[in-house]
Amino acid sequence: MSTLAAFGKLPTLNSATILLVGTNEIFQQQLAETILQEKQDLKINIHLADSLPLPPERDHIRPRIDLIVFMVNMQSKHSYSNIEASLVHVDASFFLGKVCFLATGAGRLNQISIEVNAVLKLADLYCSPVLFCELECEKIRIATAQRLLRMLRICAGHMSGVSALSFSSLMKSSIGDSSFLA
Amino acid sequence: MKKGVIAKTPKQALTRSCSKQTDLSAWKASALQMTGRRNEQKLSKDKQQTTSENADPKQDSLEEALSYLKKAKERTPLKNEVLQKHLVTVEKIAQEKGLAPEELDFLLNIALSGKFAEVVSTRLLKNLVPTSAITADSVTSAVSWLCVGKCSRTTQMLFLKWLIAMFDFIEQKEQVNALYGFFFSLLQDEKLFPFACHVLYLITRKKNVKPFRVRKLLDLQAKMGAEPPLQALLLLYKNFSPEMVSITLPTKTKIQFKNSENPWKMAISNIKRRLCGAPPASQPSLINTACPQTRKRKWNNKLVLPACSVQSSCSAVSQRTHHIDLIVHSDAFPVEQLQTFPQLLENIHCLELPSRIGSVLANPLLLHYVNCVSDDSVYRRMYYWMGQTLREECPWHKFENQPFELEFKDFLRKIFEAECFLQEGFSSCEEFLYRSLPFWDGYSCRSQVLQLVTWIPLSTFSEMKSYLFKPLAQLFFTSSLYFKCSVFESLREMLLNWLNWHLMQTDTTTKLNADLLNTTLSGLVSSVADLIHFVGWLSTVALSLENNSAFLMHFILDFYEIVSDVYLKYNLPLVVMPPAGVFYTALLSMDSVCLDHLCYIMHRYRANLISAKQNLQAKKTVLQFKFSSQTCQEYNQYITAMVGCLWTSNVFQKDFHHQGIHMDPEVLEKTRVKGYRKSFNIVYHPALTGYAMLFLQEAQPEDKTPNFQLIQGRRWEWYLEYLYSQELRGLKLFIESSIHRASQRSQTQTSK
Amino acid sequence: MSLSQQDLNLEDAKEQLLEECEGIWKQVEECQNKLTFQEIETVPATDPKLSLLLHRMKALTAEFNQWQKRTPEIITTNPDVLVALGKDQLQRLDHDLEMILSTVHAKNKKLNEDLLREQQWLEEQQQLIDCLDQTEKEISNQVVQFSEKRAFQELKSKMLKIKAYKEELLNALGEFVEKHFPLPEDDGIQKKKTRSSREEDVQLITLHEILESLINTLINKPHDPYVTINNSFWSPYIELLLRYGIALRHLEDPSRIRLENFYD
Chain A
1 MSTLAAFGKL PTLNSATILL VGTNEIFQQQ LAETILQEKQ DLKINIHLAD SLPLPPERDH
61 IRPRIDLIVF MVNMQSKHSY SNIEASLVHV DASFFLGKVC FLATGAGRLN QISIEVNAVL
121 KLADLYCSPV LFCELECEKI RIATAQRLLR MLRICAGHMS GVSALSFSSL MKSSIGDSSF
181 LA
Chain B
1 MKKGVIAKTP KQALTRSCSK QTDLSAWKAS ALQMTGRRNE QKLSKDKQQT TSENADPKQD
61 SLEEALSYLK KAKERTPLKN EVLQKHLVTV EKIAQEKGLA PEELDFLLNI ALSGKFAEVV
121 STRLLKNLVP TSAITADSVT SAVSWLCVGK CSRTTQMLFL KWLIAMFDFI EQKEQVNALY
181 GFFFSLLQDE KLFPFACHVL YLITRKKNVK PFRVRKLLDL QAKMGAEPPL QALLLLYKNF
241 SPEMVSITLP TKTKIQFKNS ENPWKMAISN IKRRLCGAPP ASQPSLINTA CPQTRKRKWN
301 NKLVLPACSV QSSCSAVSQR THHIDLIVHS DAFPVEQLQT FPQLLENIHC LELPSRIGSV
361 LANPLLLHYV NCVSDDSVYR RMYYWMGQTL REECPWHKFE NQPFELEFKD FLRKIFEAEC
421 FLQEGFSSCE EFLYRSLPFW DGYSCRSQVL QLVTWIPLST FSEMKSYLFK PLAQLFFTSS
481 LYFKCSVFES LREMLLNWLN WHLMQTDTTT KLNADLLNTT LSGLVSSVAD LIHFVGWLST
541 VALSLENNSA FLMHFILDFY EIVSDVYLKY NLPLVVMPPA GVFYTALLSM DSVCLDHLCY
601 IMHRYRANLI SAKQNLQAKK TVLQFKFSSQ TCQEYNQYIT AMVGCLWTSN VFQKDFHHQG
661 IHMDPEVLEK TRVKGYRKSF NIVYHPALTG YAMLFLQEAQ PEDKTPNFQL IQGRRWEWYL
721 EYLYSQELRG LKLFIESSIH RASQRSQTQT SK
Chain C
1 MSLSQQDLNL EDAKEQLLEE CEGIWKQVEE CQNKLTFQEI ETVPATDPKL SLLLHRMKAL
61 TAEFNQWQKR TPEIITTNPD VLVALGKDQL QRLDHDLEMI LSTVHAKNKK LNEDLLREQQ
121 WLEEQQQLID CLDQTEKEIS NQVVQFSEKR AFQELKSKML KIKAYKEELL NALGEFVEKH
181 FPLPEDDGIQ KKKTRSSREE DVQLITLHEI LESLINTLIN KPHDPYVTIN NSFWSPYIEL
241 LLRYGIALRH LEDPSRIRLE NFYD
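Protein chains in written order, with full-length UniProt numbering: chain A, 1 to 182; chain B, 1 to 752; chain C, 1 to 264.
It should be emphasised that the hints constitute simulated quantities derived from the structure, not laboratory data. Just to be clear, a hint being listed does not mean it is correct.
[Unchecked claim] Under the rule of at most 25 Å between Cα atoms (straight-line distance), these lysine-lysine pairs were calculated in the DSS-like manner:
id, chain 1, residue 1, chain 2, residue 2
1, C, Lys-158, B, Lys-207
2, C, Lys-26, A, Lys-9
3, C, Lys-163, B, Lys-207
4, B, Lys-85, B, Lys-70
5, B, Lys-409, A, Lys-139
6, B, Lys-704, A, Lys-77
7, B, Lys-92, B, Lys-70
8, C, Lys-156, B, Lys-674
9, B, Lys-704, C, Lys-87
10, B, Lys-207, C, Lys-69
11, C, Lys-166, C, Lys-156
12, B, Lys-161, A, Lys-172
13, B, Lys-265, B, Lys-409
14, A, Lys-172, C, Lys-58
15, B, Lys-126, B, Lys-161
16, A, Lys-121, C, Lys-158
17, C, Lys-110, B, Lys-409
18, B, Lys-670, C, Lys-58
19, A, Lys-77, C, Lys-49
20, A, Lys-139, B, Lys-470
21, C, Lys-163, B, Lys-210
22, B, Lys-670, C, Lys-69
23, A, Lys-121, C, Lys-58
24, B, Lys-92, A, Lys-139
25, A, Lys-39, C, Lys-87
26, B, Lys-206, C, Lys-49
[Stated by the list, open to error] Just some of the chain B residues that point at chain A, by a computed CB distance under 10 Å:
id, residue
27, Glu-393
28, Pro-395
29, Lys-398
30, Glu-400
31, Asn-401
32, Trp-440
33, Tyr-443
34, Ser-447
35, Ala-473
36, Leu-545
37, Asn-547
We put the CB at the ideal spot given by N, CA and C, even for glycine.
Whole structure, please, built from the sequences with the hints as guidance.
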């Protein structure tokens, strides 16, 4: 089966797994390293892929994936269409809070080849949040890594009382909706 | 026909350029003198230092290049090596050090005179980087070159862009304003049109707004449609003279001028950095000519007063225009001489704001002045300049700004301080936040951004929600505990600023416009209520994400301390209770500080509600009070729970709040806690049991295992006194106001 | 003796906790078994939003119901575990309180600074107001002493100066126009023979004269400020005036022009 299943496997004890999908290998690598450098009381597994589906032959050694991060490089149309194509191979259950988009390069407005709105729209289409960041800058990379880890923790069920679904609903509370108004 | 006009101009241009040439050489002589003097100074300095360095070789080569450009024949072929060499020199020095006003003036004339090929003109224009200032005379002569049409349309366009980018560096703005008609006529050119609009937007004053110009602009609009730059200009005209511009215009155009790229920006900031970053010993003489004693403040060029703006304008302009002076007004006090507060007091009636409006931000005296003037143009200039700077320099909008984050931080800090002083936010800053928060990484300039948020003025909540609170909430949920606390702190400040603003409003309104106030008040009340609900929502979520951290709770309760007193302290008819997620977490906290704080807040709620009820009964308030019976009910439920917890030990049966801690005895039995009923009263409550232990130790030092059951009857009263003596003031106020009357009766029962 | 007793208790506690964990894990496995039977649902490539939203709604409703049904669970009653838990919580609280303390200190310091600064501002503003009040008083006093005669004198001298200034302006304008906008003679004729031969027989008037006649007509006949163009007006200059908005054409009669209304 080429579709990546959200609940296909048992969770692993005391660990969480994040999958980074994107075409820019350097960014992926750097981000992965930064994530691993963060001190955690649980084991973090990171999987990198340039697109989905993942190769089926290694499926048996892959742990259950708790969070998929789609890295969209705003400077490359290819990166965007690649993500668009990959999204089809994701189990619908992932979109209940276990997917997030990471838009990089929005800070170079003059070199942008994808509209900011296009990314926002894509994320909205798939009911998932977008984080904006510039990964070249180490400090921002660290801050982003921490944000992703917080989400990962929740997605992997390590935060009691908060499910991935309810968390993503908080993140999504979109324009015109008044969920926090009594 | 048209040909005829153009055919006419070259001849007349010839005469002009001749006279200009003489001007240039005259100027050149003085400029050379100056640089020569500078080099001498440098030389003598070098000698003192007994170094064998030659006079600055770069300065020499710049001189050479300039004199070459002056003497070179017109239309020297592009490939001429000497020309190329000198151009490279100019380029290099301009980019590294910047150009003095005289050098700039010279090169500007060369570029616009069309003496060399267009490529050369473009290159020169792109390197016109000022170190300190640009004189208005330079602009005048540049404009005269445009009149004679010696340079191509593209060069003219580039010049206008340059003018826009350098606007802040230009001195004697009055003189530039005198060229208004000329810039206005450029509107007819389709290519130059947007830039001409932009220039006009920058220089327009009330006196420039004339019916014939309005007619012209309306004609243009009819012809070209609603172009944003034109709309901006019309809007400005309308601001000045609403009676002249009768058409309706969209009032909230966010970006009026396309972010014209600014090829000079990098060079300017590089030079700025060099001037302030390098140790003084290795400084070139540049800084001495620019501003000798204020080097410390010099580092952010934009925020520093131009060295000699008004003074020179006085001497130069006054001769020519002394007739006008008589008509308009008398002499102004030069701002750069303004050093002390008494000076301000003496001259406040004749101050003129500096050409660089940004320098106001860093100058407390000028802020005083701005605070007093009612002139709209000050705010408009500030608005424009600040909006532009924020857009241009924001590190997460333009990645190339990353290395200058520190500088940007300092800029934001200055804005914030000015806002604190003026007690209001700048609208350009608000727009900047709205526009940039969705892309903020939550890291760059964090504390400065959150500080600026506090001065966002109150507006309709739906707008704030989509632009401000939504992006903020997203960051909030995924960021650290400290970030969350800072957000609460910042929202608390925001609420305070709104409430203070409201207090000021009511103070200054008379009875006459009380009705008017009433209508705006309901808007205010609902916005404030929305903000409070928003924070309540954030608090509930944050507490569950952060495992009920006491640190977080501290910030949340700080917020509610203000909320509880909104009616009595800030005269706003509104009472909003905290959500159950906050109330119960605080009530059952292990932290006595937190419990005490909650007690204080509930005490304040009680005072506010009682006073509101009394006023309502006495019909003293004409204002519609925004608190429903639901609020009262909620308060009563909370109070029941609190008293049931701390005093009567029946919370598990008596708490009827749907999110409360009502619990079946069977569940409680399972905990195998003996006397579970009492486990949250003032003796056993986890936040207070430590006090009980210390109290018992003091009372009966010989008993090794404290027996809490002893605290009853008279000891209960003593224990209360003991608690009060431990600075639990909130608890004291709460017990005395909400419990005490009942206590005499129930004391014997409860302490059994 | 007591020590080993304590060890024994700890062992017991551990055992108990592990047992509880085993139980939970078993539940997880059961759930997992149910889940694997569930089919994987792919997202439709076109407009996935609706189906995803429906999916989310179902899931959220289920979660909501779970929360509603849930009753308080009792954590272990083993006293050793409880003590350890309590200790842990107290340590966390201790840490939090330390942080609160330092924040409160920092905040107090900042508030003190703010207070001093704002007091200074207040004082300065008070001074400013006093100063402005005084100036206002002085000015109003001056108004009282205002003598009509002197005002008249002042106005008169001002008028004179303005008149002189007007002269100056007009002279400058004249000079400028004469110098830079001469009549198309000499070179114009040489270069463009064909064109000039057409107009040769008419005596052209200068731009200076055109302007003058425009100004005069406007001043003398404000109700009808139009000037009729004839052959003596050199058309490029007329073009120039119209182009830069100095003159306007009559709406119906293109041969008549007037000066733009600059002054109102």
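Against the structure, the hints come out as follows:
Between Lys-158 of chain C and Lys-207 of chain B the CA atoms are separated by roughly 21 Å; this keeps the pair inside 25 Å, and the hint holds. Between Lys-26 of chain C and Lys-9 of chain A the CA atoms are separated by roughly 15 Å; this keeps the pair inside 25 Å, and the hint holds. Annotation: proposed proximity of Lys-163 of chain C to Lys-207 of chain B holds, straight-line Cα distance about 21 Å (limit 25 Å). Restraint check for Lys-85 of chain B and Lys-70 of chain B: the C-alpha separation of about 15 Å stays at or below 25 Å, so the hint holds.
For the hint linking Lys-409 of chain B to Lys-139 of chain A, the alpha-carbon distance of about 15 Å falls within 25 Å, and the restraint holds. At most 25 Å may separate the alpha-carbon atoms for a hinted pair to count; Lys-704 of chain B and Lys-77 of chain A exceed this at roughly 75 Å. Our distance criterion of 25 Å between C-alpha atoms is met by Lys-92 of chain B and Lys-70 of chain B, whose separation comes to about 19 Å. With a C-alpha separation of about 104 Å, the suggested pairing of Lys-156 of chain C with Lys-674 of chain B is violated against the 25 Å cut-off.
Between the alpha carbons of Lys-704 of chain B and Lys-87 of chain C the distance comes to roughly 21 Å, so the proposed pair stays at or under 25 Å and holds. Distance hint between Lys-207 of chain B and Lys-69 of chain C is unfulfilled; the C-alpha atoms sit about 73 Å from each other, more than 25 Å. As the CA atoms of Lys-166 of chain C and Lys-156 of chain C are separated by approximately 15 Å, the hinted pair is consistent with the 25 Å bound. For the suggested pair Lys-161 of chain B and Lys-172 of chain A, the alpha carbons sit about 42 Å apart, so the restraint of at most 25 Å is broken.
About 18 Å separates the Cα atoms of Lys-265 of chain B and Lys-409 of chain B, which keeps this hinted pair within 25 Å; it holds. A C-alpha spacing of about 17 Å is found between Lys-172 of chain A and Lys-58 of chain C, which places the hinted pair at or below 25 Å, so the restraint holds. Distance hint between Lys-126 of chain B and Lys-161 of chain B is fulfilled; the C-alpha atoms sit about 10 Å from each other, no more than 25 Å. Restraint check: the Cα-Cα separation between Lys-121 of chain A and Lys-158 of chain C comes to about 68 Å, which exceeds 25 Å; the hinted pair is violated.
Taken as a hint, the Lys-110 of chain C and Lys-409 of chain B pair is honoured in the structure, with Cα atoms around 19 Å apart against an allowance of 25 Å. For the hint linking Lys-670 of chain B to Lys-58 of chain C, the alpha-carbon distance of about 34 Å lies beyond 25 Å, and the restraint is violated. Of the supplied pair hints, the one linking Lys-77 of chain A and Lys-49 of chain C holds, its CA atoms being roughly 22 Å apart against a limit of 25 Å. Among the hinted pairs, Lys-139 of chain A with Lys-470 of chain B is consistent with the structure: their alpha-carbon atoms are about 24 Å apart, no more than 25 Å.
Between the alpha carbons of Lys-163 of chain C and Lys-210 of chain B the distance comes to roughly 23 Å, so the proposed pair stays at or under 25 Å and holds. A C-alpha spacing of about 19 Å is found between Lys-670 of chain B and Lys-69 of chain C, which places the hinted pair at or below 25 Å, so the restraint holds. Of the pairs offered as hints, the one joining Lys-121 of chain A and Lys-58 of chain C holds, with about 23 Å between alpha carbons and a cut-off of 25 Å not exceeded. Of the pairs offered as hints, the one joining Lys-92 of chain B and Lys-139 of chain A is violated, with about 33 Å between alpha carbons and a cut-off of 25 Å exceeded.
Between Lys-39 of chain A and Lys-87 of chain C the alpha-carbon distance is near 23 Å, which keeps this suggested pair within the 25 Å criterion. Taking the CA atoms of Lys-206 of chain B and Lys-49 of chain C, the gap is about 53 Å. The hint is violated against a cut of 25 Å. With a least beta-carbon distance of about 12 Å to chain A, the hint placing Glu-393 of chain B at the interface is violated under the 10 Å criterion. For the restraint placing Pro-395 of chain B at the interface with chain A, the shortest Cβ-Cβ distance is roughly 8 Å, inside the 10 Å limit, so the hint holds.
Evaluation of the Lys-398 of chain B hint against chain A yields a held restraint, the C-beta minimum of about 6 Å falling below 10 Å. At a threshold of 10 Å, the smallest CB-CB gap from Glu-400 of chain B to chain A is about 8 Å, leaving the interface hint in force. Interface hint at Asn-401 of chain B: satisfied, since its Cβ lies 8 Å from the closest Cβ of chain A, which is below the 10 Å cut-off. For Trp-440 of chain B, the interface hint holds, the least distance from its beta-carbon to any beta-carbon of chain A being 7 Å, beneath 10 Å.
A hinted interface residue such as Tyr-443 of chain B counts as satisfied when its beta carbon comes closer than 10 Å to some beta carbon of chain A; here the least separation is about 4 Å, so the hint holds. For the restraint placing Ser-447 of chain B at the interface with chain A, the shortest Cβ-Cβ distance is roughly 14 Å, beyond the 10 Å limit, so the hint is violated. For Ala-473 of chain B, the interface hint holds, the least distance from its beta-carbon to any beta-carbon of chain A being 7 Å, beneath 10 Å. Nearest Cβ of chain A to the Cβ of Leu-545 of chain B: about 6 Å, under the 10 Å cut. The hint holds.
For Asn-547 of chain B, the interface hint holds, the least distance from its beta-carbon to any beta-carbon of chain A being 8 Å, beneath 10 Å.
Of the numbered hints given earlier, the model fails hints 6, 8, 10, 12, 16, 18, 24, 26, 27, 34; all others are met.
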